[in-house]
Amino acid sequence: MKANVRSLYLLIIFACMTTLSFAQGINITGKVTSATDGTALPGASVLIKGTTTGVPTDLEGNFAISVPSTESILVVSMIGMTPQEIPVGSNSVINIVLQDDARALNEVVIVGYGTQKKLDITGSVVSIKGSEISKQSSINPVSGLQGKVAGVQINNSGKPGEAPQIRIRGVGTAYGSPNPLYVVDGVWFDDISFLNSNDIESMNILKDASSQSIYGVRAANGVVLITTKKGRSGKAVIDYNGYVGVQKVTNQIKMANGNEYSTMINELSAINGGKQLLDPSQYGEGTDWYKQILRDAFITNHQISVSGGSDKATYGLSLGYLKQDGIVDRNNFKRYTARFQNDFQISKNLKVGYTATGAFSKSNDEAGGIFRQLYAAAPVVPVYNADGSYGDPSKLLLGDAVNFNPQVTVDVFNQVTKKTLLTANAYAELSFLKNFTFRTSLGGRYGQDETRTYNPVYAATLAQRNTNSLLTFVRPQARYWIFENTLTYTKEIGKHSFTALLGQSAQHDQSYQLTATARDVPYTSEGDLYLALGNADSRNVTDEGDLATYSSYFGRVNYSFSDRYLINASLRADGSSKFYQGGNGWGYFPSVGAGWVISNEPFLQNQKVFDNLKLRGSWGKIGNASVPSNLSTLTVATGGSLAAIFGGAVNTGASINSIIPPVTYWERGVGTDIGLEASMLKNRLSVELDYYTKKTERAIFDIPVLASIGTSSGSILGNQADFQNKGFEAAISWRDEIGKDLSYSIGINGSVNTNKVLTVSTGANPIYAGGVGLTGGALATRTRVGDPIGSFYGYVVDGIFQNQAEIDGSAQKTAKPGDFKYRDISGSNGTPDGTITGLDRQVIGNPNPKYTYGINTTWNYKWLDLTLDFQGVAKVDIYNANLGWRYGNENFTKDFYDNRWHGEGTSNTYPSANIGGGSNYLPNSFFVQSGSYFRVRNAQLGFTLPTKVTERLKLKKLRVYANAQNALNFFKYKGLSPEVRATDNKPTTAGIDANVYPLSATYNFGLNITF
Amino acid sequence: MNNIDFKINFKRIGLYAGLTSMLLFPVACQDSFLDTDPQGKQAGDVFWVNESDATKAVNAMYANLRSFDNIAFGSVAVESLGSDETEKGSSASDATFLNTYDNFSVGSTDGQLGAFWSAQYKNINYANQVLDNIPAIEMTAALKERYLAEAKFIRAYSYFRLVRAFGDVPLRLKVPADNSEYNIPRTPKAEVYTVIEKDLTEAAAVLPASYGTADLGRVTKGAALSLHAKVSMYEKKWQQVYDLTTQVIASGQYKLVANYEQLFRIANENSSESVFEIQNELVLDNADASNSQYSQVQGVRGVVGGGWGFNVPTQALADAYETGDPRRDATIIFRGETTPEGDFIPTVGDNPMYNQKSYVPFSLFVSGFNEGAQQNVRVIRYADVLLMNAEAANELGKTTEALASLEIVRARARGTSTTILPKVTTTEQVALRTAIWHERQVELAMEFDRYFDVIRQGRGAAVFGPKGWTAGKNEVWPVPQTEIDLSGGVLTQNAGY
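Going line by line, the protein sequences match chains A and B.
Under the working numbering, the first sequence has 1732 at position 539, and the numbering climbs by one with no breaks.
Under the working numbering, the second sequence has 335 at position 231, and the numbering climbs by one with no breaks.
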């Protein structure tokens, strides 16, 4: 780390020196005000025409800029205002009055490899300001998008530090990382956990295939373009943002207490012919393990940034510190971030710059499997015995399924993860021959992580003990570079406006991981934790790695006539090493879009309703390279489990235990989008409606194969299915002012998405998947032509067997009272046959959410501001696997205790305590529950100090706020959280909930200061 | 910066940018940039080249025999729990799905069926890989022949386990070339038996009688002959059983170990009585190579170094022994006893009895490893060969020989005692058959033999009927539903399921 610190220090000096050396020319000052009410316009852009040099106005609308000559022209612009050009001449003070621009359409949106006016866009692109993300208490910027964008569904995990799952317009791909492509200042990422929300200028979500298509190879799950904040010329601006808060578990599921638990496991034992295990009268409340291990966790986040510059050079730097305690005892996370950025206007035509980010984090990790233990642990076991020793479940003979004391797990666990990530991007941009811009950029990242685990010698309970210590180091390393060149040509001839882009990109992505272990390392201090101190014979090293390369060419043409008729077209050719050996190295991804700005037609010039009305349509293809490297190469399996023992000694084994991989083709997404954009009533009301279809052709994922082939994995990867998402999105916002002091905005967005399978590789046979370990080996989902992908599949429960007589008269002769009564749907000849077999299963639920929605409101009254965000999902099913996923005497939920069958007439919906036994654990309709939810996502009340006071304090701005995130959640689901994530990220196993992480809410107080 | 500067800069920079792009564009243009090698994984097309590859592939085949589904739950469910000698054990509510094998209520969707099925086909795939690919390798001819013979044994052994458990099964004798060969129907049981016999005949012709220490545990000629005898016994080919067992006996390769209890301890692994054993070891710092859970799943519950306590002896087994038979104590760990190795079994616990044949003294437990990971699985013992010989001889009317072979087994159990286990003397065929069957029950108890042994004797309903066994159905288990689903109906279900 020392070296890193030194290089960062050098960067700071460099940034400051260059700023000084470029400050020169004629100094102009002035003020920008609004023509409507004469108020100052902060944040307006003052630019020297023909250059990219400019400054923003400050909070009082003032600016100061240095121009090269008296011939210079200032371009003053602001969103919602008509831009003005003012020749400098001999003036040194220039005050500008801007007119409201009724059409307010000059807003510039970031698109792939460039920018476009919002007006000119023919696809579906949503831009979210960084401030909207950073004002929330979400650590991961992606999480901050929840409920903000129509058609974008975010599933947050309760697991500390885990990145949220994001789905743009439904399931895009079926295999590999389901994450969209994040392009941060030109560098590609599939996770942006390292990024400090405060460093983000904007996040632009490319939702439709035509906008995504220019990123062909990696666009299948959508593209999020992120620009980070850049310095602007002018006086140095210093910003401080910070908050302190607490995370609290919310909607905590209630488990059975000691008395209830002992009652139920006695029932369970009796049903299975066993004796009474515990005397319930001996147990009362018992141990509430969630309460014992979980805590209110402290969180604090601070960020300070400095930015500024001259007309020749600008700089921005920021430093961030985050400390987040986990809700699990002993778990915590610290992150330090630093970002440096410089832009230099070398000459009138040449601009160069770079952004460099460093992130370092250290966490004391959460004990593995602890949440599952909290769910399962027996409440009859005390945390500690009277003598101070740990409570030991084995004394109660409860079986291996609950043979643990979670407190031991937490106390013994010793794992520290450190992550270092350096990422940088440097570019040069050259304008020449009037209309051409050539841009070359080289980006890269280097990540070096380390996870150190020490398993000490201990003897806590009968099952939780260890007689020889083990030290493990896992060191993953990632090296990546991206080199891109683009040439842009822009031309306006009369009413014709034309932009063409040609580009090339090359990427090299390599990872390497080293794992080393040693036994018997002493541990008297952290300084002992070296492999060298371990037993020499026990030291063990192994490694693994991965390499993928990409080579791409792309082009795009944008044409608009009279600001009324728009045409955009692009083509990307992508080559990837992942498909190369299969002979399908190259994929081609075209797109086309057209738009009609109706409001610019002469016949709509004299109306007052529409400020803007645009109809647009687009079509595009996108690809998915999120498959393993060397997909089509048969490889040799080896490792300890293939080593034979002869004469007591180990003999290395290796063989081929997979099938010859089938030739795999590029997976293609084909999407169309038809949209309508309208701004009405002086831009107070804006509406954006989209209808889309997104077809994923030749979707690559693995499906189970016949075990009789004898492969080790039991599944095969290839082009397995075509499926389609169709939907409708609406985003409506209203903003207005009431009187002088109250302004507000209300945004409502919602989407309807339906998913349907069009073809499957297994032909007439459906693809069966899902469950297995969680469902006692049975497959819980079926993917069949015409159904939604990964539909839950199982028996239909018609009730509970109340007595033996009912059983004798039923199709399940070996059932026991209290078991599920399955519906006899079909036999081998298609009609009910009096027995329950595999033929009686049918579709019992759909894991693909139909409705997602968000309501976002802000209210400003004088110096007060209030934000209220709501968000939810409706019409989605969850398979609550935790209920049936039992091996023995795991605890039950209180809900299950209260409702279970425990004798004739006690319940006809919930089964007996034997829910994990008999045929009860098999996938069936009881486990399928509604996953709809509604929540108050953010509630924030802020107060900004009046300008008079701030001026006295020599500050530009000071705001304090209180915030609550996820404070109120409403759902009927009986699991821990309705935000379910597929355990293995496959759509064929989506919605199967084995999640054991509770929801948590964050309450915090924050402070923003601008100096 | 003035205009003159600008012009110079522009030219220089323009030139530079042009050059840079010309130089760097080709980096990505070349297809070699996209032609990457698999990282840290040997490509399949450079395997099967030399003798070392052949050796490793044969090793992998042996290694898989100790996988969880081959020797732990899958085997317990399919090959043991149906019998009258064992029951699920453990805590009553632990792994209750195993009860469905004990009371014959198992449905086709239970996971252990698929686990056992899949384990056998993995063994078969490793064997087929060897059989398909080694012939083309240039290597020592004799070693090549032996490797092929070893693979044939493993394949036959796995098909035998499948055919006993499921009846007709898909028969794969080579690695499927492409997806046209993936989905194949079940081959009639009789044809599968023919293939098993062919493999074993060919294996026995090549395999050596024994190995040196470095190769101890590989299959031998005796193993192939003995397994062939056992397969023949299931087909009631008595002359063949007699001939094969006689050949094994005459080889002089095998001898019973005097102390029956000690026979199952680590020290007596690969003993003179051992015909075929699955080799396990606890190798410190190679947990993957020490992955046997055979002893762990059956180990004494609730003690450090014990295990999970599944597949426990029944009272019926304890009662099956003749008075004073020392094999009763050597086969069953009784709660409250102290084992000959000095382990005290606590008087209070879930189960009254545990399997002593899989027992590994608690002191050998190393935390971080499976309990008893070092214990070999005795698959075929010489005692089994002798009893097969006795049964075949009796069926063929060679009563004297039958009595002689039976007596060798009883004499060892009897030891020096004169009061127990009297010599069987009956020459009446039915009575002698019953005696031999009973001898098999007690001699081979808790060795995963009993269940299918009783069925092949045709006594399923008589012996297991009270537990729910139904003739015409329970001779075989259901074909895993997952497999039927995946086959799209190409695979059919067994009658009654």
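Hints are supplied without guarantee of correctness; some may be wrong.
Straight-line alpha carbon distances no greater than 30 Å define the calculated BS3-like cross-link-like pairs of lysine-lysine that follow [said to hold, decoys possible]:
#1 B:Lys571 / A:Lys1468
#2 A:Lys1933 / A:Lys2043
#3 A:Lys1611 / B:Lys571
#4 A:Lys2009 / B:Lys571
Chain B residues, not near chain A, derived (Cβ > 10 Å throughout) [claimed, not checked]:
#5 Thr140
#6 Gly144
#7 Val162
#8 Ala294
#9 Glu306
#10 Arg322
#11 Glu385
#12 Thr503
#13 Glu511
#14 Arg537
#15 Thr538
#16 Ala566
#17 Gly576
#18 Asp589
Simulated from the structure, these hints should not be mistaken for lab results.
Quick reminder that beta carbons are idealized off the backbone N, C-alpha and C, glycines included.
Consistency of the hints with the structure:
no. : hint                  : in the structure
1   : B:Lys571 / A:Lys1468  : 20 Å, holds
2   : A:Lys1933 / A:Lys2043 : 42 Å, violated
3   : A:Lys1611 / B:Lys571  : 58 Å, violated
4   : A:Lys2009 / B:Lys571  : 16 Å, holds
5   : Thr140                : 4 Å, violated
6   : Gly144                : 5 Å, violated
7   : Val162                : 8 Å, violated
8   : Ala294                : 19 Å, holds
9   : Glu306                : 21 Å, holds
10  : Arg322                : 6 Å, violated
11  : Glu385                : 4 Å, violated
12  : Thr503                : 41 Å, holds
13  : Glu511                : 34 Å, holds
14  : Arg537                : 34 Å, holds
15  : Thr538                : 31 Å, holds
16  : Ala566                : 21 Å, holds
17  : Gly576                : 15 Å, holds
18  : Asp589                : 5 Å, violated
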